[in-house]
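There are 2 protein chains.
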Amino acid sequence: VGVAVNGELYTALAEMEELLETESVLITNLEGYIRVQEDKLSLLKNKMDEYQREHADAASDITAYVSNPINAYLLTKRLTTDWRQVENLMEHDVGTDFLQNLTQYRNVLKFPSDEDLNGAAVALLRLQDTYQLDTSSVARGKLNGIQYSTEMSSDDCFELGRQSYVNNDYHHTVLWMNEAMSRMLEEPLNQTQTFTRADVLEYLAFSTYKEGNVESALVMTNELLQLLPNHERANGNKRFYEKEIAHQKEMKKMKGDD
Amino acid sequence: VGVAVNGELYTALAEMEELLETESVLITNLEGYIRVQEDKLSLLKNKMDEYQREHADAASDITAYVSNPINAYLLTKRLTTDWRQVENLMEHDVGTDFLQNLTQYRNVLKFPSDEDLNGAAVALLRLQDTYQLDTSSVARGKLNGIQYSTEMSSDDCFELGRQSYVNNDYHHTVLWMNEAMSRMLEEPLNQTQTFTRADVLEYLAFSTYKEGNVESALVMTNELLQLLPNHERANGNKRFYEKEIAHQKEMKKMKGDD
Numbered sequence: 016v017g018v019a020v021n022g023e024l025y026t027a028l029a030e031m032e033e034l035l036e037t038e039s040v041l042i043t044n045l046e047g048y049i050r051v052q053e054d055k056l057s058l059l060k061n062k063m064d065e066y067q068r069e070h071a072d073a074a075s076d077i078t079a080y081v082s083n084p085i086n087a088y089l090l091t092k093r094l095t096t097d098w099r100q101v102e103n104l105m106e107h108d109v110g111t112d113f114l115q116n117l118t119q120y121r122n123v124l125k126f127p128s129d130e131d132l133n134g135a136a137v138a139l140l141r142l143q144d145t146y147q148l149d150t151s152s153v154a155r156g157k158l159n160g161i162q163y164s165t166e167m168s169s170d171d172c173f174e175l176g177r178q179s180y181v182n183n184d185y186h187h188t189v190l191w192m193n194e195a196m197s198r199m200l201e202e203p204l205n206q207t208q209t210f211t212r213a214d215v216l217e218y219l220a221f222s223t224y225k226e227g228n229v230e231s232a233l234v235m236t237n238e239l240l241q242l243l244p245n246h247e248r249a250n251g252n253k254r255f256y257e258k259e260i261a262h263q264k265e266m267k268k269m270k271g272d273d
Numbered sequence: 016v017g018v019a020v021n022g023e024l025y026t027a028l029a030e031m032e033e034l035l036e037t038e039s040v041l042i043t044n045l046e047g048y049i050r051v052q053e054d055k056l057s058l059l060k061n062k063m064d065e066y067q068r069e070h071a072d073a074a075s076d077i078t079a080y081v082s083n084p085i086n087a088y089l090l091t092k093r094l095t096t097d098w099r100q101v102e103n104l105m106e107h108d109v110g111t112d113f114l115q116n117l118t119q120y121r122n123v124l125k126f127p128s129d130e131d132l133n134g135a136a137v138a139l140l141r142l143q144d145t146y147q148l149d150t151s152s153v154a155r156g157k158l159n160g161i162q163y164s165t166e167m168s169s170d171d172c173f174e175l176g177r178q179s180y181v182n183n184d185y186h187h188t189v190l191w192m193n194e195a196m197s198r199m200l201e202e203p204l205n206q207t208q209t210f211t212r213a214d215v216l217e218y219l220a221f222s223t224y225k226e227g228n229v230e231s232a233l234v235m236t237n238e239l240l241q242l243l244p245n246h247e248r249a250n251g252n253k254r255f256y257e258k259e260i261a262h263q264k265e266m267k268k269m270k271g272d273d
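Protein chains in written order, with UniProt numbering: chain X, 16 to 273; chain B, 16 to 273.
Among the hints, erroneous ones may be present.
Note that identical chains are pooled: a pair holds if it fits in a single copy or bridges any two copies.
Within a straight-line C-alpha distance of at most 30 angstroms, the following computed DSS-like cross-link-like pairs (lysine-lysine) qualify [unchecked claim]: (1) K264 x K55; (2) K55 x K268; (3) K225 x K55; (4) K253 x K60; (5) K125 x K60; (6) K55 x K253; (7) K264 x K125; (8) K267 x K225.
The set of hints was computed from the structure by calculation and includes no laboratory data.
Bear in mind that the values here come from a model prediction, so they are computed numbers and not experimental data.
Could you put the whole structure together from the sequences, leaning on the hints where they help?
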């Protein structure tokens, strides 16, 4: 946003548009994959319903059921020709074509690299600093009260924190890990969360220490250890922070002694 | 039903009860397979919905979308870390355990053989003959007006016809293939039909010829050839039936000349 000169900006925009095209192809392929899997499951569910209905009938009076020649024929057929059909359907991997597409796409479509992701994160954090935007507004996609983009998920915030951490930018790590934590609590139904509360606490504690607040770092580390008492690195950090705090007290006392 | 002596009957019943146990295990395994596949699909569908929603937003004004640093970050993230997660989920074959069970079951559970199926079919047809039951009543599971078992599907009837054919029992082949045909027309939503109208016509034509009605056999073969004009065996049979009819006419004429 005003950082790149015009030529660079246009290149960046053109690249972004290419990424949107990639996304469109991936979505179509995912739709196809889901569709064939659903069709297969719907056939199997029909078969299962049939089997369950008939089996419940049989279970209600087994002797009467099996001594009836029609049932005897139907049961034998269910476990021979019919069951072979069900097995074939179960074993038939209907998604293969769509999975093969995935491999092909890697060669022919434009995908962003991990460096591109880092660059996009840095550009966003630069914007945040330039306009002094508070973290939760950016996360809500609101800039100066205007809805500027979709809301970020806890995972989007976590990744911003992780990218900051990788860049040794502990200030933004703390801001975005805190945001990830509070958003996480608002997403109780999120089934694809890629991180845990413990992960956030570990990033937060270390970055808080790096930002100079060792007492807070110790509090967070203790909280993490309540979740995972055997977390090796956290136990090491706890001893380290405790030693640091003792050392700082010692220094203060010595200063007081001056 | 009165055919086997008591000892044999009990053995047969005990075996049938074992088959019901096999069926119960197969149903439970199929339920498990369907459940894990549905869970996987539900995760993928949530992801797809997210992608579609965001992508539709982008498509409505591409330049505005991609020149927004929040969107640029989110798009880049969707195509790096997020997409890797989707790909992993797509490629993860969640049903493996249940498919492995299928192989194991073949070794440890009692399954009926193809001979058992033939035996069960013959026993049912013997019952039909003994009590002179009409085919459509048996197919409806009704014996002497009493609902005696579940209704048979067109496929159950087709298989009875096929088993009769294998036993050179053309009388029952004709009865049950006709029943399969009429039930087939009542099951327009059947997605797992294992046979076609052409299959039934072929069995019917040949068995009708074997039963002595070559004119009907020719009519059915012509009907089959309307569906599949290049059906090799049917074309051969057509020539053969036509020759037979000509030959019979010749014989009649010669008799008339006497």
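Verification of the supplied hints:
Taking CA atoms no more than 30 angstroms apart as the test, K264 paired with K55 passes in neither setting, with 68 angstroms inside one copy and 54 angstroms between copies. In the homo-oligomer, the alpha carbons of K55 and K268 never lie at most 30 angstroms apart, since the shortest distance is 74 angstroms inside one protomer and 60 angstroms across protomers. Within a single copy, K225 and K55 get their C-alpha atoms no closer than 54 angstroms, and across copies no closer than 41 angstroms, so neither meets the 30 angstroms cut-off. In this assembly of identical chains, the alpha carbons of K253 and K60 never lie at most 30 angstroms apart, being 53 angstroms within a copy and 42 angstroms across copies at closest.
Proximity of K125 and K60 under a CA criterion of 30 angstroms is satisfied inter-copy only: 24 angstroms between copies versus 39 angstroms inside one chain copy. In this assembly of identical chains, the alpha carbons of K55 and K253 never lie at most 30 angstroms apart, being 53 angstroms within a copy and 39 angstroms across copies at closest. For the identical chains of this complex, K264 and K125 are neighbours neither inside a copy (55 angstroms) nor across copies (76 angstroms), given an alpha-carbon limit of 30 angstroms. Proximity of K267 to K225 under the C-alpha cut-off of 30 angstroms is restricted to the intra-copy arrangement: shortest distance 20 angstroms within a copy versus 111 angstroms between copies.
The structure shown violates the earlier hints numbered 1, 2, 3, 4, 6 and 7.
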